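First to last, the protein sequences are chains A and C. Using the numbering used here, the letters of the first sequence map in sequence onto residues 1 to 414. Using the numbering used here, the letters of the second sequence map in sequence onto residues 1 to 414.
Quick caveat, the hints were computed from the structure, so don't treat them as lab data. These numbers were taken from a predicted model, which means no experiment stands behind them. One thing to keep in mind: the hints can contain errors.
Copies of the same chain look alike in the list, so a pair counts if it works inside one copy or between any two.
Stated by the list, open to error - Derived pair list, reagent style DMTMM-like, types lysine to aspartate or glutamate, alpha-carbon separation capped at 25 angstroms:
| no. | residue 1 | residue 2 |
| --- | --- | --- |
| 1 | 309 | 242 |
| 2 | 144 | 202 |
| 3 | 238 | 193 |
| 4 | 157 | 11 |
| 5 | 360 | 294 |
| 6 | 165 | 130 |
| 7 | 327 | 393 |
| 8 | 375 | 130 |
| 9 | 310 | 374 |
| 10 | 157 | 392 |
| 11 | 262 | 242 |
| 12 | 238 | 202 |
| 13 | 327 | 294 |
| 14 | 360 | 125 |
| 15 | 310 | 344 |
| 16 | 238 | 374 |
For reference, the chains in residue letters:
There are 2 protein chains.
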Amino acid sequence: MICEIVSVGTELLLGDVTDTNASFLSRALRELGICVYHRQTCGDNPARMREQLSLALSRSDLVIVSGGLGPTRDDITRDVAAELFSMPLVHNEEVAEQIRGYFVRRGIPMKENNLRQAQVPVGAEILQNEWGTAPGLWLRREGKGMILLPGVPSEMKAIFNHRVKERLASESGVRFANRILHFYGISESAVDEVLGDLMARENPTVAPYAGNGEVEVHVTAFGESAETAERFCRETEKSILDRLGEYYYGNGDTSPEQEVVKAFSERGLTLAAAESCTGGLVAQRLTRVSGASEVIGLGVVSYSEEMKKKILGVSADTLANGGVYSKACAMEMARGIRSLAGSDLGIGITGIAGPSGGTKEDPVGTVYIALASEKKEEEYRFLFGHVKSSREEIRFRAATQALILALRHFSDEE
Amino acid sequence: MICEIVSVGTELLLGDVTDTNASFLSRALRELGICVYHRQTCGDNPARMREQLSLALSRSDLVIVSGGLGPTRDDITRDVAAELFSMPLVHNEEVAEQIRGYFVRRGIPMKENNLRQAQVPVGAEILQNEWGTAPGLWLRREGKGMILLPGVPSEMKAIFNHRVKERLASESGVRFANRILHFYGISESAVDEVLGDLMARENPTVAPYAGNGEVEVHVTAFGESAETAERFCRETEKSILDRLGEYYYGNGDTSPEQEVVKAFSERGLTLAAAESCTGGLVAQRLTRVSGASEVIGLGVVSYSEEMKKKILGVSADTLANGGVYSKACAMEMARGIRSLAGSDLGIGITGIAGPSGGTKEDPVGTVYIALASEKKEEEYRFLFGHVKSSREEIRFRAATQALILALRHFSDEE
Numbered sequence: 001m002i003c004e005i006v007s008v009g010t011e012l013l014l015g016d017v018t019d020t021n022a023s024f025l026s027r028a029l030r031e032l033g034i035c036v037y038h039r040q041t042c043g044d045n046p047a048r049m050r051e052q053l054s055l056a057l058s059r060s061d062l063v064i065v066s067g068g069l070g071p072t073r074d075d076i077t078r079d080v081a082a083e084l085f086s087m088p089l090v091h092n093e094e095v096a097e098q099i100r101g102y103f104v105r106r107g108i109p110m111k112e113n114n115l116r117q118a119q120v121p122v123g124a125e126i127l128q129n130e131w132g133t134a135p136g137l138w139l140r141r142e143g144k145g146m147i148l149l150p151g152v153p154s155e156m157k158a159i160f161n162h163r164v165k166e167r168l169a170s171e172s173g174v175r176f177a178n179r180i181l182h183f184y185g186i187s188e189s190a191v192d193e194v195l196g197d198l199m200a201r202e203n204p205t206v207a208p209y210a211g212n213g214e215v216e217v218h219v220t221a222f223g224e225s226a227e228t229a230e231r232f233c234r235e236t237e238k239s240i241l242d243r244l245g246e247y248y249y250g251n252g253d254t255s256p257e258q259e260v261v262k263a264f265s266e267r268g269l270t271l272a273a274a275e276s277c278t279g280g281l282v283a284q285r286l287t288r289v290s291g292a293s294e295v296i297g298l299g300v301v302s303y304s305e306e307m308k309k310k311i312l313g314v315s316a317d318t319l320a321n322g323g324v325y326s327k328a329c330a331m332e333m334a335r336g337i338r339s340l341a342g343s344d345l346g347i348g349i350t351g352i353a354g355p356s357g358g359t360k361e362d363p364v365g366t367v368y369i370a371l372a373s374e375k376k377e378e379e380y381r382f383l384f385g386h387v388k389s390s391r392e393e394i395r396f397r398a399a400t401q402a403l404i405l406a407l408r409h410f411s412d413e414e
Numbered sequence: 001m002i003c004e005i006v007s008v009g010t011e012l013l014l015g016d017v018t019d020t021n022a023s024f025l026s027r028a029l030r031e032l033g034i035c036v037y038h039r040q041t042c043g044d045n046p047a048r049m050r051e052q053l054s055l056a057l058s059r060s061d062l063v064i065v066s067g068g069l070g071p072t073r074d075d076i077t078r079d080v081a082a083e084l085f086s087m088p089l090v091h092n093e094e095v096a097e098q099i100r101g102y103f104v105r106r107g108i109p110m111k112e113n114n115l116r117q118a119q120v121p122v123g124a125e126i127l128q129n130e131w132g133t134a135p136g137l138w139l140r141r142e143g144k145g146m147i148l149l150p151g152v153p154s155e156m157k158a159i160f161n162h163r164v165k166e167r168l169a170s171e172s173g174v175r176f177a178n179r180i181l182h183f184y185g186i187s188e189s190a191v192d193e194v195l196g197d198l199m200a201r202e203n204p205t206v207a208p209y210a211g212n213g214e215v216e217v218h219v220t221a222f223g224e225s226a227e228t229a230e231r232f233c234r235e236t237e238k239s240i241l242d243r244l245g246e247y248y249y250g251n252g253d254t255s256p257e258q259e260v261v262k263a264f265s266e267r268g269l270t271l272a273a274a275e276s277c278t279g280g281l282v283a284q285r286l287t288r289v290s291g292a293s294e295v296i297g298l299g300v301v302s303y304s305e306e307m308k309k310k311i312l313g314v315s316a317d318t319l320a321n322g323g324v325y326s327k328a329c330a331m332e333m334a335r336g337i338r339s340l341a342g343s344d345l346g347i348g349i350t351g352i353a354g355p356s357g358g359t360k361e362d363p364v365g366t367v368y369i370a371l372a373s374e375k376k377e378e379e380y381r382f383l384f385g386h387v388k389s390s391r392e393e394i395r396f397r398a399a400t401q402a403l404i405l406a407l408r409h410f411s412d413e414e
């Protein structure tokens, strides 16, 4: 099955909004084994939309359109699609009731024009929208199909995931299973080399994606039954973890901070972080995770030497001898914050995020990280600088590194 | 002039990459007064690319293509465009020298296939690329034009801004000037109402964009000379600030944290923040700005009551009576961190970011913010909750609010 994606909205053509719907749908279809050869962006102009949707129908089996289902006159996707499929639009009282109910539940008065969203092309299938007002619509004729989805990303994704995905999988006759595996501490090119033979295979597909200093490996397996697909996927996953297990930290929709909060909560452990160059990024990323309050008791951002001394108890000697950029300073910060917070683990981070402040010995990107707990102390020097690294990248990588080290700190005690 | 944007790359159709190039170009062209009616995304397949580029040329005066200029066999944009314009590709020694120079400067060996990027269609104009290897190319024939740009966003933007923008402005015969004004504390719909008459005008265009609890107002003026455009722009800016001045906080490419660092540095002032529900976001956003170390001496993330008492000196009475979610607690945090850090301003933030923890009196989204300096103390209760607000949105808005309050705290002393 060949599918085409059309994103509708003048705001896209004006550059006010970046089209994340198209990339979501592209990835979702790829994971269903459905090919996408073309994507178009289309404004709220009826004549041009008619031309663009006709073109899409002429070269693709299925066209997924997002946007233009709103309540205003600008929203014309429903009308144009109904016309192309020769299905007159009629008022659908069931949909109207759902729309009224949506406003009642939220205690907001409904405007009359919202009932435009209750217009349905005769013969089209309604894809209920529990997450907003405009339902999705699935039009079919002579072996061609067109699915209309709202442009609001959260509604578009919800309707796709709950009303469309499974059925497309079943119509494309392919069953699939997939995994997203997260690795840290290895480069994409090294993953490429280690997994080269698996990546060369057609099924399951194995694809690494690098970003933010991490590598995700996506595994997608297709089979005649869900069980076969799942078995292919599991076998490949095992083979990947056999080779890269030491760099693996989690799977699915996760992040180092989510894994830390999960692992520490499960074991009833707490941590505290004293941050200099990362400026509170470790604390901020951890507290983004709901439930973090059980895990992180205290975070301190101490840029100045004085605060490092006064609050964390870093000794004047250490600052005078090794300086603020040293393993010793990071370790005293880690011990200091641990004792102040009374936590199981203390983390200390000090370094140079740039753009200025680098020296020959400690260029921009040099970061010292120390971890202290009752039974173990670890200290490291990292260089996160690259030719193109920005201050923000260096900070992000240093925070990720600290989180990964925290995650592994207690793992050998299990 | 009608312009069309084509984004090239199978990685786009697979959803591995979100197409930010298309939105950058859309916005840039809009600001030049050039209309974009169509955008297409195109994979690395020669037959389909030929079709899509022909279609674009048939309906638009100028086609801007980004991507597919790399050194590998997949990169075919140059070849397809040369064929469409009947301009044979020939090796250009000057470009080859620049590419070699690029690698020499970085101390990286050049691969032979990089010289594919020195192939230039006969008669095409070369748009030098100082930021990477592949130069941009500008092909013209019979009143139609096609500009090829690399797909790497930083290179695409740099070549567009430095080699293309001015000339498109001059070819479109229009001079323009623009401003981006930032407002906080007013909703987009209120801005809409207040600026309705200005927004209805054709020149200058006035467009508000909301996001992250802020509203940006973009002003773009066109004129026959740069001076006229600039004058239109300035007049409209003045009229906007006359009406919305109390909500204004900065212009251009800025943010509340950048304005705080700028304003505090200029006056030699320092601040310190004690954060509970925002989990270090204020510190983290401030320290993202280079030069923040002069301004922020200390940040503390104190989730637990114990740490609020032990480190910030919040009294047991306050915690027992008003509780941790109260103006009194926020104020004691603000005073405590100010005294601990010895800073000019102390900020205290406590509240409920959710998703759980809300009560009838203090629903999710309730945030108490206090500011303390020698001459002034302020304390507030905010409700950042909306039907759809996530934990992250509430945290972000609370941090923004605190930064804006900090920015205004000393302003009446000027």
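Each hint tested on the structure:
1. 309 to 242: Cα proximity of residue 309 and residue 242: none, with 46 angstroms in one copy and 49 angstroms across.
2. 144 to 202: Classified as neither: same-chain Cα gap 28 angstroms, cross-chain 42 angstroms, threshold 25 angstroms.
3. 238 to 193: within (17 angstroms within a copy, 59 angstroms between copies)
4. 157 to 11: Cα proximity of residue 157 and residue 11: in one copy and across copies (19 angstroms, 20 angstroms).
5. 360 to 294: between (42 angstroms within a copy, 23 angstroms between copies)
6. 165 to 130: The answer is within: 16 angstroms in one copy meets 25 angstroms, while 45 angstroms across copies does not.
7. 327 to 393: within (21 angstroms within a copy, 36 angstroms between copies)
8. 375 to 130: Result: close neither inside a copy nor across copies, 52 angstroms intra and 52 angstroms inter.
9. 310 to 374: both (23 angstroms within a copy, 22 angstroms between copies)
10. 157 to 392: Answer is between; shortest inter-copy Cα gap is 19 angstroms, intra-copy 30 angstroms.
11. 262 to 242: For residue 262 and residue 242, the Cα distance is within 25 angstroms only inside one copy (24 angstroms; across copies 52 angstroms).
12. 238 to 202: within (17 angstroms within a copy, 62 angstroms between copies)
13. 327 to 294: Close across copies (24 angstroms), not inside one copy (29 angstroms); limit 25 angstroms.
14. 360 to 125: This pair counts as neither: shortest intra-copy Cα distance 67 angstroms, inter-copy 42 angstroms.
15. 310 to 344: Both ways: residue 310 and residue 344 sit 22 angstroms apart in one copy and 18 angstroms across, limit 25 angstroms.
16. 238 to 374: neither (35 angstroms within a copy, 62 angstroms between copies)
In this structure, the hints that do not hold are numbers 1, 2, 8, 14 and 16, in rising order.
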